[in-house]
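Student: Residue-level listing of the chains:
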Amino acid sequence: MAHEEKIIDPITGAETTGHVWDETIREFNNPLPRWWLWAFYGTIIFTVVYFIMYPSWPTNLVEGGYMKGLKTITYKADSGEEVTTHWNTRALLAKAMQTDELELRRQEMVKTVAATSIDEIAADSDKSQFVLAYGKGIFGDYCAACHQAGGQGVIGHYPNLIDDAWLWGGDAADIETTIRKGRKGNMPAHSSSLSKTEITQVANYVLSLSGEQVSSADAEAGKGVFNTKGCSGCHTPTGVGMKALGSANLTDKIWTQAKVPSATDAAAKVAAVSAIVSGGIQREMPAWESRLSDDEIKVLVRYIKLLAQ
Amino acid sequence: MMKHESIETNAGLLIVLTLAAISIGGLVEIVPLFHIEGTVESVKNAEGKDSVRPYTALEQLGRDIYTREGCYNCHSQMIRPFRDEALRYGHYSLAAESQYDHPFQWGSKRTGPDLARVGGKYSSAWHVQHLNQPTSVVPESIMPNYPWLLETDLDYSDLQGKMKALKKVGVPYSLTKEEYAANTDQFGEDVAKLLDINRAETNMVEQAKKGNYDKNPAKLSEMDALVAYLQVLGTMVDFSKHDEAEFVQFR
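Chain order of the listed sequences is A and B. Each residue of the first sequence is one higher than the one before, starting from 1 at the first, in the working numbering. Each residue of the second sequence is one higher than the one before, starting from 1 at the first, in the working numbering.
It should be emphasised that the hints constitute simulated quantities derived from the structure, not laboratory data. Predicted, not measured: the structure shown is a model, and the values here were computed from it. All residues carry an ideal CB built from backbone N, CA and C; glycine is no exception. Careful: at least some of the hints might be erroneous.
[What the hints assert, rightly or not] Label-pair ranges, simulated between beta-carbon atoms:
1. B:101 - A:98: 26 to 34 Å
2. B:84 - A:126: 39 to 47 Å
3. A:77 - B:113: 25 to 33 Å
4. B:215 - A:164: 47 to 55 Å
5. A:186 - B:164: 35 to 43 Å
[To be verified] These stretches of chain B come out as covered by chain A in the derived footprint (C-beta under 8 Å, 3 or more residues):
6. 73-86
7. 121-128
8. 131-139
Assemble the whole structure, with the sequences as input and the hints as a guide.
Tutor: What follows is the structure, given as structure tokens:
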């Protein structure tokens, strides 16, 4: 390659770079568009400004181990004290949670709703809309994994929240305790304490309590088993269950564990109940008080009550 | 002055100068990181011990299954300090919380939700059912089934070897009496026992029995280990005991 004068190419009228190969081959000079070039210089200047304003370079040459930048953020520490620190995303989040307009409105609304009774919320369209919308988010993230998006639960695993039956009580205070502390439901397995016949008998009896058509002789025998072999201890002699133990009411037509609703004939229903009597139940609802705020739990209670209405 | 042309026509020189030019960025950005202190938060509990501990033997084996199954392809373990993430997932992840992860499971993509604080969020029974067949509890889920976790016995033949390997890269599992004593100082007696490589197997079996994660006490399955791991994620730091300002100063 040789260097010569930049000349104007006679055919195109464009300038060449002055680079010449093999005596005649020249290269057109195609400079970057001005706007592009200046934008490029702009980014370089931006980098310098950014480097100085924001946390940038990890180095022991400055105190603290990195260049913290000139920009600062002031937020309130949990202690209530105002803290001013160099710009960083953690402080930015703390500040946003304290000053952002929408966030403050959210907090205020959560607080208001948490302090309002369910009846009042149901009568107030603003509040009930907020509970339904905001509660849906919390419910969807924390509850729906088990109780399903609509609160209908899964028979055999997780209770339905939108029917009238509540294992651990269905008024606001009960539901709040359930969410706050969690619940552990435990029914012992009876496969060793009861004979196969006894299990079938007691299953017939349990089905008869809900008005299912069963063998009346078995049901009669099952009543004896129910009352003498420990069932009535938790489910009470009349079979209505006890809120304090979370033992199910066996006299309604609602099934949370035995897959009776999907059973097609009487034998299948007896088998479904027998399986539960024989294997027992162990289920657990996690405690949420360490994960959700008090007010959020209250909103959730109101959401569930609105769902169930 | 060296001419452009003489560099371009000298391949060796061109390579050397090119390498030097492209190394500058890396050197300036990466090398200082090896020399600074204070990127990892110091998080102490009420007893003045470290809140974040290395995984127990069972949890570590569960973590290995987590990586084996590629969970990180769809699930991140990194809650960023944004409002929406704070509202959905909880407190942002601390560097301290993944300091014993080798490699970390921060992930880069969320097809499923972030799992950094999934510990304690659902019951173990739920996890078992969900891993076995996700759609049985979340109908709209596109997560695949992992039915073999329940059926496969947990392979812990190389458990001590794994812990020793992790020890080599800085995870404070203990082999000697001195190391055990150091762990007692750092984490407290109860945790130090869990980090003792010599008792790894006993600890593992004990935790699996006590946790009964897969609801089948007769079998030590891969499910036991994975659920034990999932249930500890994000639970080591009790944020209600800390002032937010403590963590801000580390950034």
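Student: Taking the hints in turn, state whether each one holds.
Tutor: Evaluated hints:
1. B:101 - A:98: 26 to 34 Å: 32 Å, holds
2. B:84 - A:126: 39 to 47 Å: 23 Å, violated
3. A:77 - B:113: 25 to 33 Å: 30 Å, holds
4. B:215 - A:164: 47 to 55 Å: At 30 Å between Cβs, range violated.
5. A:186 - B:164: 35 to 43 Å: Check passed, 41 Å falls within 35 to 43 Å.
6. 73-86: With 5 residues in contact (Cβ-Cβ under 8 Å with chain A), the coverage given for the stretch 73-86 of chain B holds.
7. 121-128: holds (count 6)
8. 131-139: This one holds; 4 residues, not fewer than the three required, reach chain A with a Cβ under 8 Å.
Of the numbered hints given earlier, the model fails hints 2 and 4; all others are met.
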